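Asker: As a plain string of letters, each chain reads:
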Amino acid sequence: MITSAIIPRPLARLPWRLIFLIAAIATFGLIVLYSAAGGSAQPWAVKQGIVFLFFLGVAIAMSWMSEATIKSIAFPLYGVTVVMLVGVEALGFVSKGAQRWLDLGPIRLQPSEFMKPAIVLTLARFYELVPAAEIRRWRAIWPAAVLLGVPAFLILVQPDLGTCIMVLLCGVTVMFLAGLPMWIFIAPLAAGAVAAPIVYNMMHGYQRKRIDVFLDPESDPLGAGYHIAQSKIAIGSGGIWGKGFLHGSQSHLDYLPEGHTDFVFATMAEEWGLVGGVLLILSFAAVIRWGMKVSSNSKTRFGQLTAAGLSATIFFYVAINLMMVTGLAPVVGVPLPLVSFGGSAVMTVMLCIGLLMALERQQRSVSTLA
Amino acid sequence: MKPIRITSTHQSITFSRRMLLLGGAQAAVGGLLIGRLGWLAIAQNEKYQLLSESNRVQLIPVPPRRGWLIDRFGKPIAINRASFRVDIIPQQLEKDRDIVPEVARLLDLEPDDVDRIRHELAQSRGFQPVSVADNVPYDQYAAITVRLPDLPGVAASQGFTRFYPGGSAVGQLVGYVGAANATEYEKENKNPLLLVPGVKIGKEGLEKALEGTLRGQPGGQRVEVTARGRLVKELDPKPDISGGTVQLTIDSDLHQYAARRIGDQSCSIVVLDVSNGDILAMPSMPSFDPNNFSDGISQAEWKMLSQDDHLPLVDKSLESLYPSGSTIKPSMAMALLNAGIDRKQRVNCTGAFQLGNHTFHCDKRHGPLDMDGAVVHSCDVYFYTMCLRVGAEKLSPMVRSMGFGEKFDLPFDHQRYGTIPDPEWMMRKYHREWQGYDTVNMSIGQGMVLINPMQLAVMASRLATGKRVVPRLLKNKPVTPQTQLAVDQDHLDFIRLAMAGVVDHGTAAAAKLPLDGIQMAGKTGTAQTHNLSAGERGNYTAANWKLRDHSLFMAFVPFNNPRYACGAIVEHGGFGAAVAAPLVRDTLLYLYDKQKALVALDTFEQSIGGTLDERVARKTAAWRQANGFPPLPAKQA
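Line by line, the protein sequences give chains A and B. For the first sequence, this note's numbering assigns the number -18 to the initial residue and increments by one for each residue that follows. For the second sequence, this note's numbering assigns the number 5 to the initial residue and increments by one for each residue that follows.
Take the hints with a grain of salt, since some may be wrong.
Unchecked claim - Here are some chain B residues the structure puts well away from chain A; computed CB gaps all over 10 Å:
id	residue
1	Phe19
2	Leu111
3	Lys212
4	Asn361
To be verified - Part of the chain B face toward chain A, derived, beta carbon under 8 Å:
id	residue
5	His14
6	Thr18
7	Leu41
8	Gly42
9	Leu44
10	Gln53
11	Ser56
12	Lys307
13	Met308
14	Ser310
FYI, nobody ran anything at the bench for these hints, they're computed from the structure. Computed from a predicted structure; not experimentally measured. We treat Cβ as the ideally placed atom computed from N, Cα and C, and that holds for glycine.
All chains, full assembly: derive it from the sequences and hints.
Answerer: Here it is in structure tokens:
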């Protein structure tokens, strides 16, 4: 918060530290995109910059929403998104092809993107409505499981494994924080650990190969392991200080595939080195921490769960993407928010940020009144 | 157990606890990621930097200029001639345009070539050129050059083709070069240089044996390329180092002269400088024109060469083995003298020699002869008699020390060394006792005795000097010190005189050098190729070429102060004195009087129907007609 007589109150009351942080990450992203295009603002950096500024505006506008408003849109937003997901599925069925977006004239809408904040809001709203005494009961569990399962299934069959996992993780995080019994979370994990080897043995050859390649990308450097192998080369060859701005050979000579979208972090790390990578990770950590603090400081259960869930959304974006590009997770197609080129991820993250800022503003106004 | 009633206080405690857990997990993931980055970027930095560099930089080999072969006076034997070539660089091709037919039309390419080009284009990596045509005639090259702006992806350039001024006269000596085949490529661990269009490697002869020196070090155009093979920029090139020049001991004029003087015979002649063993000439004829091979030889030409019964693809000087015939006699005489035979003792030649129930013949009835007479007139009965008296054990070592059956360190792949038999060898090889008739056969260089023309020349040089002359072909190789042979000077003087007698008044009297004061010494030989029936004996012009005797002659000159030695074997040439001796005479004459020798050659060539080139052209034309090939286009000047 900035306190100055010159700056008008509404502006001064914005969480400037967060906005600066977000803007810094986005600007760094633009620089990386500029380099990924071979030292050109076209075709990515300018477009990405405009999209970011637009959604930054949207997020700031959203920060004036009251918690009550947010609460009231939770279920409708969820409902509309599920309907859109079904619509996408139907469209895909008609056009006989995989489909992830709805074509609405000038913009293409990916309903699965909206589902990430929507599932958080919905589950937070649901658990707010569940009385404290009921939380360990079956009826506190199954409606949430259905609320989460339906969209996750719809997204999975699109097929968009990355988003599906994201939605599931966001939902599970909210359920976890809501206080559901621990065994609900531990039991599936344990079951998975036991089942994994059995499933592996029952898999088809090509499915097994995918897993093998993930575990050892160098075993198939020209085929399925190519992305991970080249990404690791880019990151590893960058060293501590990087090869320098515009000097990344892996990305500039097209050895690194998807160097401006999912693998943008590798493009960045090649030129900015370990230093750039750690800085970026710490910046994201600061954003997430800010969000978690909003959650901790929240007075209402809805606020707590929503803020934590939205922060977790950002966290899962960053963590899955980074684990993917550094070879710690299979390639599932999750972009790095604010850095990867593409409007959807920017939109989702900025919606989350907007909601977080709204909740944060609420806390302050509440606290001043108290 | 009564369930606890959970209140909102409980709930808030659970929430705080689980937030802590979640925050901790997030921090742990963050730590893991940073650790992973550190591992990749610090611990494995070197490995990944290497991988990144090998992604980025590709090396286009720039072929080195092949080293020259020159003769002892610096005259070129194998050089490089500028030639024009056309390549296609795949990455510069326009996407939707097929220029292959256009180029094929301009260059008059065969459908086979077009197929090959398409195949290679489909397999190539973007920046590596695909060869369209080698050795393009200038007007076609010009036609391509003026259209280059309309032919994106086509590159016309000047390269080098191997050129042998001596043509077919040096074919067997130098071998030939050609593009590497799959086996050679594998053998060199997939050396990328071998894939560069226009790169030729030695396939036979000296070109192959001296490959290491001649090839040189390829340079490299280091280029930065994208994952799709597009060239981004050229980095600092690594200059190529031309192959080294190799100087031979050959006197290319003499070599050429001897090759021409051989005429249409199937023959090899070797001339040595006895003072140091330098090989001055070693043509093997008929031969192939290595120039034709360096452009890639046609199927028809290959077929013609491999079907020829005069074996143009064999280097007869080192690869062909023949019975030595009577040329072995001077060495036999040395062995006899060594064994204590009195050279004045006479043997009466009745024209036949009885051993057991077999009769061995002499070519005529010589009457009583001493050793000198036996050498001069090449009497077989004398050597049958005396050699049987001494025994094979004392003969073979002397003959071997004179060079027969000896291995020489010469830069050729397929040398054959022949045999000088002895009882021990007979047991080892044929598991039988040595018999008297083996000695008789060996005494006149028949039976198991097999030599090559190089050994014949070496024998002449050793008889001439009494020293162990070792032939050498590479000028930069040190001369092998010539040790004294285990022979008496007196015996040597005798045998040289006898060999001078052969040319002066003996079997080779018709082959005297037409020079004042320079006299040649020599020994004729006529080697049977099969057991002659009585009717065939002496019928040296029998219609069946394959059954005729080989004609041999060895000589050194001047007889009293030897400087040059020579050995010649004419396959199925007939009587030694009639064919091989005049050939050696003219060849040695060239060393002393070029004018006279050239006149002699001219007369000789007139008699057999023109110069070497004319005869080869005529022969090729006749063969093509007989085998249904269209006549060759007239050669451009």
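Asker: All the hints need checking, so say for each whether the structure fits it.
Answerer: Against the structure, the hints:
| no. | hint | in the structure |
| --- | --- | --- |
| 1 | Phe19 | 6 Å, violated |
| 2 | Leu111 | 35 Å, holds |
| 3 | Lys212 | 37 Å, holds |
| 4 | Asn361 | 81 Å, holds |
| 5 | His14 | 7 Å, holds |
| 6 | Thr18 | 4 Å, holds |
| 7 | Leu41 | 5 Å, holds |
| 8 | Gly42 | 6 Å, holds |
| 9 | Leu44 | 4 Å, holds |
| 10 | Gln53 | 5 Å, holds |
| 11 | Ser56 | 4 Å, holds |
| 12 | Lys307 | 44 Å, violated |
| 13 | Met308 | 48 Å, violated |
| 14 | Ser310 | 44 Å, violated |
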